[in-house]
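A.B. asks: Can you make the complete structure from the sequences, with help from the hints?
Number of protein chains: 2
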Amino acid sequence: MKIEIIKGGVTAARGFRAACCAAGIKYQGRTDMAMLYSDAPCAVAGTFTANVVKAAPVVWDRRIVQDVKTAQAVVVNAGIANAATGAAGMAMCEQTAAFAAKALGVPAEYVLLGSTGVIGPNLPIDRITGGVAAMVPALSDSLEAGTAASRAIMTTDTVNKECAVTFELPAADGQGAVVVRLGGMSKGSGMIHPNMCTMLGYITTDCAIDQALLQQALSDVVSDTFNMISVDGDTSTNDTLLVLANGMAGNRPVAAGSDEYRTFREALFTVCRALAIMMAGDGEGATHLMEMRVVNADTKEHARMLARSVVGSSLVKAMVFGKDANCGRVLCALGYAGVDFDPAVIELYLVGERETLCFYRDGCVQAFDEDKALEILSERAVRFRCDMAMGDEEATAWGCDLTYDYVKINGDYRS
Amino acid sequence: MKIEIIKGGVTAARGFRAACCAAGIKYQGRTDMAMLYSDAPCAVAGTFTANVVKAAPVVWDRRIVQDVKTAQAVVVNAGIANAATGAAGMAMCEQTAAFAAKALGVPAEYVLLGSTGVIGPNLPIDRITGGVAAMVPALSDSLEAGTAASRAIMTTDTVNKECAVTFELPAADGQGAVVVRLGGMSKGSGMIHPNMCTMLGYITTDCAIDQALLQQALSDVVSDTFNMISVDGDTSTNDTLLVLANGMAGNRPVAAGSDEYRTFREALFTVCRALAIMMAGDGEGATHLMEMRVVNADTKEHARMLARSVVGSSLVKAMVFGKDANCGRVLCALGYAGVDFDPAVIELYLVGERETLCFYRDGCVQAFDEDKALEILSERAVRFRCDMAMGDEEATAWGCDLTYDYVKINGDYRS
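Protein chains in written order, with this note's numbering: chain A, 1096 to 1510; chain B, 1096 to 1510.
No lab work stands behind these hints: they were computed from the structure.
Treat the hints with care, since some could be wrong.
[Stated by the list, open to error] Covered stretches of chain A (in silico footprint by chain B; criterion: 3 or more residues with CB under 8 Å from a CB of chain B, positions within the stretch not fixed):
no.: 1; region: 1101–1113
no.: 2; region: 1168–1182
no.: 3; region: 1213–1227
no.: 4; region: 1334–1344
no.: 5; region: 1433–1444
Bear in mind that the values here come from a model prediction, so they are computed numbers and not experimental data.
Virtual Cβ for every residue (Gly too), placed ideally from N, Cα, C.
C.D. replies: This is the structure we're talking about:
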């Protein structure tokens, strides 16, 4: 089960093409639409926002994942979320999918949609269809096309996010192994919270795997990756994570419970985890990635709740920004996570690249070297570890610090 | 049932005295300790933090409320929280109470304690006892003494918080009515979240009411007052709200289920609500009070969850700071409150002093006059109302905006 990280993103896997364009939806002077296309129809799995208020493209995509179970293209725009747009918003989805389907020569029900941006306004449908018309002839299977697509879907993101891996699986014809590739891109910066997957994420693979198993692998992996990051506690109306598998690697179709399934799941985990950490570290205005690892918890779910509570705490986030070793705040956030534990036995550490400091033990905050703490808190990734001394389950959550820039970005987002 | 607001706070009711002093615990050049004392033993009720990690004075006070049920004095310090201090922290409580008890001539188990400030360090016990020794001879029943006490317990608060009311109840001797007074003070600015009461709150009354009924009234009232405010989503280790009733008004003891009980409950509600709103509006760095009123919900608890979700949203808070009418964020925060509803039927309003704008209706964000929205968002209190169209329950939550100053204050709190 050797998973290797390779260059690339959504076009790393065989048979996937990408394109992007500057459709002028809201932003000027940058690309703001992306398209993905597979040479063959794909099994498609997805997870979506748990928000009661769901954007039109979320409603559209869920129907495809649940009923159609097959897809061949994705059209994404940045700038306007097509959320809280009522019947008009759904009509935009139908028009966009129909237009793209005709241009690509695929059924409209194979066209997935994604939108991110401000809630409320209607999409300028002419610019959307204009964008689709421009992208179809530009579709390319180059790695650069995938990277350009990952840039086109950014909103307040400061860096594009992509990752790809390769691994081997037994060939379909029984003659040795074939190389399988899996890659993805995502965007997300504000409105990120572990209650669901995340903003927009698209993963493509040439692995042959049936739709039910693909969905199972995705649902499994999301709990420990996209659902473990938090930027600001707000769960968006548009969160969407999709995986498309076109089977072009020529592997023997992955069977449930097999070693091959575990390998595939590990590859998917690797890419989802990398994308999730990139999103947490690129939280709006962030200057630090924050990692909270909880070990020796009594249950997996408790470990997750404890870890998420810390990375979601505004006070911990502000303290990380200020490089202030105010460890009582970490302890406090563990205390209100909704998990019962004995404060007298847990131990809390600040984990640096070279050194680890014990913050809290035996029911008391410990004395520590303030200079060393400042040094560790000055690292780009600030890591805490808590030993619950209750069992052997663990979980890790990722977030970022709370900064002046977060307030600035979100105090005037629409303008 | 006429409740009248009067001047004063903890010394408004008969038989209550207050004092404060500058003990130099952490702050310099200001008062940082307060003492309350009642001429007669009091029935005492309280609510405390739900955080698993409880500060030593919380453990101390809970035991008094649950087992002793009587109290006569309160000693509070600002600057150090006496939390995460283990056995040493409990020993500090015992020493402080014993010292104060001796100086006041009351049992040590009648002395309640409160601490607020940084988590971790031990209290400087000499300064604490020195402060107690200085305050005992200074105890005064003047309104000014109550106000000075409300100032001494402030940490990052920018204004002191006190409120008092008066009402009439039948006299104990059956000869007409007597005047009853109830007043309180509170402090709290950061680490405030509706999961429990709030930081520190002390309410005194000369009403004659037994302890069980006093506790019932407090628990009732807290759900719609202190538990409905949020500054930053962090539930402190020290949250404490206490009510002391010394019976000196000479009323016929309040009976369960009576009109008198309803009057008392209303008076307590009035003071708790006023203190809660003052705390929300004085959130760390706040420039606006935010109010979210949810009407026509299917259940009271759902109304509360929806209202709290909005005032707790970082994105809504940043938008209020920026006076940006980005109503999609309010809708989004309603959507992830954990309450199921139909986004097609709810209506969302921005409620100004002179005008009300409809933000969202019929499943769509509505067009509105941006200038008028900016005018309303420039008011000190920014009010939203959401009609759920599901039933007839309602609830209101209060919070504040998220500002640069919140980040500044919390990025470097210990220094």
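A.B. asks: Work down the list of hints and note, for each, if the structure agrees.
C.D. replies: Hints versus structure:
1. 1101–1113: violated (count 0)
2. 1168–1182: holds (count 6)
3. 1213–1227: The restraint on the region 1213–1227 of chain A holds, since 4 of its residues have a Cβ under 8 Å from chain B and three suffice.
4. 1334–1344: violated (count 0)
5. 1433–1444: Holds, because 5 residues of the region 1433–1444 of chain A bring their Cβ atoms closer than 8 Å to Cβ atoms of chain B.
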